[in-house]
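Residue numbers (our numbering), protein chains in the order written: chain A, 1 to 112; chain B, 113 to 289.
In short, the hints are calculated from the structure, not lab data. Here the structure is a predicted model, which means the values were calculated and not measured. C-beta: ideal position from N, C-alpha, C; glycine also. Keep in mind that a hint or two might mislead.
Said to hold, decoys possible - Estimated spans, in silico, between C-beta atoms of each pair: (1) V126/B to A62/A: 34 to 40 Å; (2) E197/B to I53/A: 28 to 34 Å; (3) S176/B to S42/A: 50 to 56 Å; (4) Y19/A to T116/B: 16 to 22 Å.
Claimed, not checked - Listing some non-contacts, in silico: residues in chain B with all C-beta distances to chain A over 10 Å: (5) G134; (6) V137; (7) R145; (8) D155; (9) Q164; (10) T185; (11) I190; (12) A199; (13) V245; (14) Q250; (15) D263.
Stated by the list, open to error - Only some residues are given here: those of chain A computed to face chain B with a beta carbon under 7 Å: (16) L9; (17) I53; (18) V56; (19) F68; (20) D71.
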Amino acid sequence: MNDPLDDLLDARLRDETPYIDDTGFTERVMKQLPRRRVSWSSQRSFIIVAATILSVVVAYFASGEGMFVHDAFAQMSGLRPLQLLLVILACGTAMTVAGLWAALTPRHDTIV
Amino acid sequence: MELTDGDLLARILVDGDQHAFGELVRRHQSPVRGLLRQLVRADVELADDLAQETFIRAYKHIRSFRGEAKFSTWLYRIAYNVFREHARKRRELVGIDEERLQAEADPQTVDPGLRHDLMNALASLPLHERTAVTLCCQNGLSHDEAAHVLDIPLGTVKTNVLRGREKLKKMLAAWAT
């Protein structure tokens, strides 16, 4: 059987541990943190966007200022309605699959 | 669903997410500040300065946290080191002798009126006993975890807790009747 004084002491010690309200403490800490360096994921996003823009510009000039787009539209206007519907359906399906793959692929977080 | 400390740490490590660190500070500020208040004998402003230093140091060295102990235990260890450095500097500046400080704080020399307040009684314990009792009995750390925080042998922690509790019990015995 426990010494009643031990029980009393344990209870008192637990009771004497009040929660200390934050009252701006976290904010003060956050203000003093060293400036955040650009993370790898931000750098990666920047590289992808920049590479995409550059590729579009190069492709535009390399293809005779986008004549291939004009030609593609001209070809599509000659398609039958059913063929056009199939092309649209294929494009839509491809975009949906890509979107689902991007959304459902798990991120590889660091194990701490 | 609330994110665990591990989830938040992963966000800090992978994305440098400072908001995730802010959440960790919010979660752990109370016990860390409470521990430091005990260590500096209820000097609230000084304890908060040391707690602030604790969290900033934790952020700077977050990559050295290997997950071998709980995040809170790791924080307590940093807090204790910050406190020790502060105490050492203070001793060097003012020339205060730690043994004299502890002798002054010996429970037998304390005003008997203080026995009515457990917090004051706790504050009157010598530093090594006060720290061990605070970590184990107030903050709920195991003896092993406290030994890790204080970087001392397990047996020493047990002895310090036992002696500290005995002294507190003596003070409480008079107070409880």
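Check each numbered hint against the structure and report the violated ones by number, ascending.
2, 3, 5, 6, 7, 9, 13, 14, 17, 18, 19 and 20
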